[in-house]
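K.L.:
Sequence:
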Amino acid sequence: MAKLDLVEIFKKRTRHPFRPRASHIIDRLFPDFEPFLAPKGSLLTGSCQFEQKKLFLIAQQKPMPEDLKSKEDLKKLNYGMLTSDDHSYILTVLKRACASDPENTLVFSIIDTYGADISMYSAQRFQAFFIAHLIREFLTLPLRTISLILGEGGSGGALAIQVTDIRGQMEDALYATAPPESMASIVFRDPTRIEDALTILKPTAKDLKNLDVIDRIVPSPEDVTNQQESAENIRQFLVKAIKDLSRSRIPKLIKKREIRAKQYGVSKGSGRLYDIKRYIEKPIKKAFRKPPPDINIVNYTSLIEVADDYGNPQDIESDTEFVRCGASQGDGKHHKGCGKLIPLKSLLDNFNVCPECGYSYTLGASGWIDCLADTGTFHELYRNLTVDQLLEEDAITDYYRDFLAKQEGRSHFEESLVVGRAQIHRFPVVMAIGTFYYCGGSMGVVFGEKFRRAVDLAIQENLPFVSLCCSGGARLYEGISALMQMVKTIESVNRLKRHGLPYISILADPSAGGAIASYAALGDIIIAEPGALVIFAGPRVMTARGFEVDEGLVRSHHLHQISKEIYQQLDYYHDIRGIQEICERKDMKLCLIKYLELYKRTSFRTKRRAKKKSKKMLLF
Numbered sequence: 034m035a036k037l038d039l040v041e042i043f044k045k046r047t048r049h050p051f052r053p054r055a056s057h058i059i060d061r062l063f064p065d066f067e068p069f070l071a072p073k074g075s076l077l078t079g080s081c082q083f084e085q086k087k088l089f090l091i092a093q094q095k096p097m098p099e100d101l102k103s104k105e106d107l108k109k110l111n112y113g114m115l116t117s118d119d120h121s122y123i124l125t126v127l128k129r130a131c132a133s134d135p136e137n138t139l140v141f142s143i144i145d146t147y148g149a150d151i152s153m154y155s156a157q158r159f160q161a162f163f164i165a166h167l168i169r170e171f172l173t174l175p176l177r178t179i180s181l182i183l184g185e186g187g188s189g190g191a192l193a194i195q196v197t198d199i200r201g202q203m204e205d206a207l208y209a210t211a212p213p214e215s216m217a218s219i220v221f222r223d224p225t226r227i228e229d230a231l232t233i234l235k236p237t238a239k240d241l242k243n244l245d246v247i248d249r250i251v252p253s254p255e256d257v258t259n260q261q262e263s264a265e266n267i268r269q270f271l272v273k274a275i276k277d278l279s280r281s282r283i284p285k286l287i288k289k290r291e292i293r294a295k296q297y298g299v300s301k302g303s304g305r306l307y308d309i310k311r312y313i314e315k316p317i318k319k320a321f322r323k324p325p326p327d328i329n330i331v332n333y334t335s336l337i338e339v340a341d342d343y344g345n346p347q348d349i350e351s352d353t354e355f356v357r358c359g360a361s362q363g364d365g366k367h368h369k370g371c372g373k374l375i376p377l378k379s380l381l382d383n384f385n386v387c388p389e390c391g392y393s394y395t396l397g398a399s400g401w402i403d404c405l406a407d408t409g410t411f412h413e414l415y416r417n418l419t420v421d422q423l424l425e426e427d428a429i430t431d432y433y434r435d436f437l438a439k440q441e442g443r444s445h446f447e448e449s450l451v452v453g454r455a456q457i458h459r460f461p462v463v464m465a466i467g468t469f470y471y472c473g474g475s476m477g478v479v480f481g482e483k484f485r486r487a488v489d490l491a492i493q494e495n496l497p498f499v500s501l502c503c504s505g506g507a508r509l510y511e512g513i514s515a516l517m518q519m520v521k522t523i524e525s526v527n528r529l530k531r532h533g534l535p536y537i538s539i540l541a542d543p544s545a546g547g548a549i550a551s552y553a554a555l556g557d558i559i560i561a562e563p564g565a566l567v568i569f570a571g572p573r574v575m576t577a578r579g580f581e582v583d584e585g586l587v588r589s590h591h592l593h594q595i596s597k598e599i600y601q602q603l604d605y606y607h608d609i610r611g612i613q614e615i616c617e618r619k620d621m622k623l624c625l626i627k628y629l630e631l632y633k634r635t636s637f638r639t640k641r642r643a644k645k646k647s648k649k650m651l652l653f
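Counted the way this note's numbering counts, the sequence shown spans residues 34 to 653.
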């Protein structure tokens, strides 16, 4: 393949309209391919014989020019993006594959997608939960697995079927946290800044191999439309992959998946020299709580300030601070809520919920700690862990440093995830609390590493684990490393469950993107606050892509109602159980207590004792 710059590769090769699709490769490599009755659209599944092995194929199919001829075709916005129906069917295929002889069966997934379907149809059918469960399934699948990024890999829609034993990528394919135009729209508010977006994403096969996101690069033909040469190169990749995998036993491969997942986003290394320090702050107390940084605080001590309710007979003390329910800092006018003046202290005492109408502001981590933990019992861990300690300097762009600089002062904490030990009604637990006021609660490498260490502590100390999701998704400034934190957190949850420890997941407003499509969707019990937005792609992204948005369908109350019907559709939802309970913030602690007490009364596990000669376990 001739040398091209990144933008040219993206426009002239990755997005070339006549680039080979999954169906072309299947037709040329697998003449005895027997298709399964998958949902019509972007998913191809089936089985065949290859190199004396039974191969189960799962492939994403982007549209070809002939698929986009009519106006109706052009109106279809999710071509090449798998729906919740597709993801459900893939889980069915994996179960079918597991019923075959494991020594003579492999799963091969072909990835070529802009991302997962973000329509309201999939969103209200727990699309994010399906992605999380698929990643978990691939991490633990008792079969040898291979994946290939054929053209484009976008976001969780690609990651859902890419976490395999051997991971290949075509030389001119691109794999990223988000499509470049979406990245440019979100980060720069300008969809034309494709080149800047690609610089941050680092989506090339060479970049991803250096980050251990893929293992092997498959050569691309000089002529991007050459199906025969592409198929032959893929055949050689597949033959070698099968031969190499046959030398390893399946339990060893599963262990390798686990080890690999732990290392995502830790390019500077880990181990004794990196993990020996444990940062413990003083207990978080009620005094740490502050009003949301975007809230508009009103008082009547100013001689030049005249409130909207001037002349209202309400008795107001001049030195009392108030907030107008639903008003933002920008114009001070209320656009949501009841618009009444609420004493600031009353709002904070009610955990940022208006006592008059119930309108809620996003609650920061310190507020959630005060809401859930016994006063004075939360001890923060790993507070000083920073992105500079985990990523190489050239991976942290100037755009990213500017973004981090803007977060100073918005939160009491130094990252978007706060982890520590605490007590809830005297029950000892490990907690991982997302804080939206730092980088929108986004998942980055520090987030993933702190989550992993918190789970390690829970396993070491034999403690229940409680997480609270309040996040907008992956931190795009970190590129593919941020996306891989989905795998890292899911692997951590897998280990937690393997050790028989309870995991309670709380969904706050918002619970979106990679966070809800990973650890947050895997709780043994999932509790949501009223009105929480629970969705894979946010409403703004959906609107920008042309999709209709009805937020009511992806708020916690509606999803909770759908969850009640899951037991009548287990063939569709598999192990997904949705949201078990809706609970207001003021009652959330009592809600947690009943589940912790149930675990205590039914658990017969005894705390493991370390062997006398073994060294003291380190937290890492």
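Careful: at least some of the hints might be erroneous.
[Unchecked claim] Taking lysine-lysine and the DSS-like style, the derived pairs with C-alpha atoms no more than 30 Å apart in a straight line are: (1) Lys86 <-> Lys378; (2) Lys285 <-> Lys295; (3) Lys128 <-> Lys597; (4) Lys289 <-> Lys273; (5) Lys273 <-> Lys87; (6) Lys73 <-> Lys87; (7) Lys633 <-> Lys530; (8) Lys87 <-> Lys128; (9) Lys285 <-> Lys239; (10) Lys597 <-> Lys627; (11) Lys289 <-> Lys369; (12) Lys273 <-> Lys242; (13) Lys285 <-> Lys369; (14) Lys288 <-> Lys239; (15) Lys633 <-> Lys597; (16) Lys288 <-> Lys530; (17) Lys86 <-> Lys276; (18) Lys289 <-> Lys36; (19) Lys289 <-> Lys242; (20) Lys102 <-> Lys73; (21) Lys619 <-> Lys128; (22) Lys73 <-> Lys44; (23) Lys369 <-> Lys128; (24) Lys102 <-> Lys86; (25) Lys439 <-> Lys530; (26) Lys619 <-> Lys369; (27) Lys530 <-> Lys378; (28) Lys295 <-> Lys378; (29) Lys87 <-> Lys102; (30) Lys273 <-> Lys285; (31) Lys289 <-> Lys86; (32) Lys44 <-> Lys369; (33) Lys87 <-> Lys369.
[Unchecked claim] The calculated label-pair distances, taken between Cβ atoms and stated as ranges, are: (34) Asp427 <-> Ile292: 41 to 49 Å; (35) Lys87 <-> Lys288: 20 to 28 Å; (36) Pro96 <-> Lys627: 47 to 55 Å; (37) Phe436 <-> Glu255: 56 to 64 Å; (38) Pro50 <-> Gln456: 53 to 61 Å; (39) Asp427 <-> Thr353: 49 to 57 Å; (40) Pro96 <-> Gln456: 30 to 38 Å.
No lab work stands behind these hints, which were simulated from the structure alone. Note that the Cβ used here is the ideal one computed from N, Cα and C, for glycine as well.
K.L.:
Sort out whether lysine 369 lies within 30 Å of lysine 87, counting only the CA atoms.
P.N.:
violated, 58 Å
K.L.:
Measure nothing beyond the straight line between the CA atoms of lysine 87 and lysine 128; if it is 30 Å or shorter, mark the hint as holding.
P.N.:
Holds, at about 15 Å.
K.L.:
Take the C-beta atom of phenylalanine 436 and the C-beta atom of glutamate 255, compute their distance, and say whether it sits inside 56 to 64 Å.
P.N.:
The hinted range 56 to 64 Å is violated for phenylalanine 436 and glutamate 255, with Cβ atoms some 39 Å apart.
K.L.:
Would you say the C-beta atoms of proline 96 and lysine 627 sit inside 47 to 55 Å of each other?
P.N.:
holds, 50 Å
K.L.:
Taking only the CA atoms, is the gap from lysine 128 to lysine 597 under or equal to 30 Å?
P.N.:
The hint holds at about 24 Å.
K.L.:
Is lysine 439 close enough to lysine 530, meaning Cα to Cα at most 30 Å?
P.N.:
Violated - the C-alpha atoms of lysine 530 and lysine 439 are around 38 Å apart, more than 30 Å.
K.L.:
Take a quick look at whether lysine 44 and lysine 369 sit within 30 Å of each other, Cα to Cα.
P.N.:
violated, 43 Å
K.L.:
That 53 to 61 Å hint for proline 50 and glutamine 456 (C-beta), does it hold up?
P.N.:
Roughly 60 Å apart at Cβ, these two residues keep to the hinted range, so it holds.
K.L.:
Does the structure keep lysine 285 and lysine 295 at a Cα separation of 30 Å or less?
P.N.:
Between lysine 285 and lysine 295 the Cα gap is close to 16 Å, so the pair holds against 30 Å.
K.L.:
Going straight from one Cα to the other, do lysine 102 and lysine 86 come out at no more than 30 Å?
P.N.:
Roughly 39 Å between the alpha carbons, so the hint for lysine 102 and lysine 86 is violated.
K.L.:
With the threshold set at 30 Å, check whether the alpha-carbon distance from lysine 619 to lysine 369 stays at or below it.
P.N.:
holds, 21 Å
K.L.:
Starting from lysine 289, check that the Cα of lysine 369 is at most 30 Å away, please.
P.N.:
violated, 50 Å
Going down the numbered hints, you'll see the structure goes against 1, 11, 13, 18, 21, 23, 24, 25, 27, 28, 29, 32, 33, 34, 37, 40, while the others check out.
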